[in-house]
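**Q** Turn these sequences into a full structure, and let the hints steer you where they fit.
Numbered by UniProt numbering, the letters in the sequence shown go through residues 1 to 111 in order.
Hints are computed from structural coordinates only; laboratory data are not their basis.
Since we're looking at a predicted model, the values are computed, not measured.
Fair warning: there could be bad hints in the mix.
EDC-like, lysine to aspartate or glutamate: derived pairs with alpha carbons at most 20 Å apart [to be verified]:
{"hint": "1", "residue 1": "K72", "residue 2": "D62"}
{"hint": "2", "residue 1": "K72", "residue 2": "D58"}
{"hint": "3", "residue 1": "K57", "residue 2": "E75"}
{"hint": "4", "residue 1": "K44", "residue 2": "E34"}
Computed beta-carbon distance windows for the label pairs [unchecked claim]:
{"hint": "5", "residue 1": "M108", "residue 2": "V18", "range": "34 to 42 Å"}
{"hint": "6", "residue 1": "W38", "residue 2": "V84", "range": "28 to 36 Å"}
{"hint": "7", "residue 1": "Q67", "residue 2": "F20", "range": "37 to 45 Å"}
{"hint": "8", "residue 1": "K44", "residue 2": "F20", "range": "19 to 27 Å"}
{"hint": "9", "residue 1": "F24", "residue 2": "I110", "range": "40 to 48 Å"}
{"hint": "10", "residue 1": "F60", "residue 2": "I101", "range": "16 to 24 Å"}
{"hint": "11", "residue 1": "V48", "residue 2": "F17", "range": "29 to 37 Å"}
{"hint": "12", "residue 1": "S71", "residue 2": "V48", "range": "21 to 29 Å"}
{"hint": "13", "residue 1": "M108", "residue 2": "I13", "range": "43 to 51 Å"}
{"hint": "14", "residue 1": "S71", "residue 2": "T6", "range": "45 to 53 Å"}
{"hint": "15", "residue 1": "H8", "residue 2": "V109", "range": "42 to 50 Å"}
Virtual Cβ for every residue (Gly too), placed ideally from N, Cα, C.
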Amino acid sequence: MNWNSTQHFWLIILGFFVAFIPRFFPLMLFTKREIPEWFNEWMKFVPVALFTALVVKDIFIDSESYQFIFSKYSEMIAAVIVVVVAYRTRSMAISVIIGLISVFLLSMVIA
Numbered sequence: 001m002n003w004n005s006t007q008h009f010w011l012i013i014l015g016f017f018v019a020f021i022p023r024f025f026p027l028m029l030f031t032k033r034e035i036p037e038w039f040n041e042w043m044k045f046v047p048v049a050l051f052t053a054l055v056v057k058d059i060f061i062d063s064e065s066y067q068f069i070f071s072k073y074s075e076m077i078a079a080v081i082v083v084v085v086a087y088r089t090r091s092m093a094i095s096v097i098i099g100l101i102s103v104f105l106l107s108m109v110i111a
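**A** Dropping the structure here:
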């Protein structure tokens with residue numbers, strides 16, 4: 001199926017609303033009322049939990065067969081390095097940068 005310019009335009013508009021609505025409603029809801037302290041404490045763990053889930057899935061689960069694998073040695077060593085760096089620096093940005101550099105260098109050495 002070939003799309004014309006009008007269909008592309010409406011797809012972009014629809015994509016805008018799909019991306020905008022889940023951000024707009026919580027913003028409107030929480031600007032008028034106080035956010036509970038327990039919620040703020042809980043939200044501090046969300047980035048770490050998401051980051052961990054993505055990294056563990058990439059290192060230990062094969063995306064085609066969904067089997068556990070233990071053959072990505074460079075990524076496993078880089079993950080340990082990132083955990084140490086993240087614990088010491090408490091910085092997500094530094095951890096990601098060190099992780100990328102570690103995987104790059106280790107994959108050249110271990111391959």
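**Q** Falls inside 28 to 36 Å, the C-beta gap from W38 to V84?
**A** holds, 30 Å
**Q** Quick one: are M108 and I13 within 43 to 51 Å, going by C-beta?
**A** holds, 45 Å
**Q** Quick one: are F60 and I101 within 16 to 24 Å, going by C-beta?
**A** At roughly 21 Å between Cβ atoms, I101 and F60 fall inside 16 to 24 Å, so the hint holds.
**Q** Do the beta carbons of S71 and T6 sit within 45 to 53 Å of each other?
**A** Cβ of S71 to Cβ of T6: about 49 Å, so the range 45 to 53 Å holds.
**Q** Quick one, are K44 and E34 close enough, alpha carbons at most 20 Å?
**A** holds, 17 Å
**Q** Decide if the proposed pair is consistent with the structure: K57 and E75, CA atoms, cutoff 20 Å inclusive.
**A** holds, 12 Å
**Q** Taking the CB of V48 and the CB of F17, does the distance hold inside 29 to 37 Å?
**A** With a Cβ separation near 31 Å, V48 and F17 satisfy 29 to 37 Å, so the hint holds.
**Q** For K44 and F20, compare the CB-CB distance with the range 19 to 27 Å and indicate the outcome.
**A** Holds, at about 26 Å.
**Q** Quick one: are F24 and I110 within 40 to 48 Å, going by C-beta?
**A** Given range 40 to 48 Å: holds, Cβ gap about 47 Å.
**Q** For the pair we were handed, K72 and D58, check the Cα-Cα distance against 20 Å.
**A** Distance of about 9 Å is within 20 Å: holds.
**Q** For a C-alpha distance cap of 20 Å, please report whether K72 and D62 respect it.
**A** The hint holds at about 10 Å.
**Q** Just tell me: holds or violated, for the beta carbon distance of M108 and V18 against 34 to 42 Å?
**A** holds, 41 Å
The structure is consistent with each of the numbered hints, conforming to all of them.
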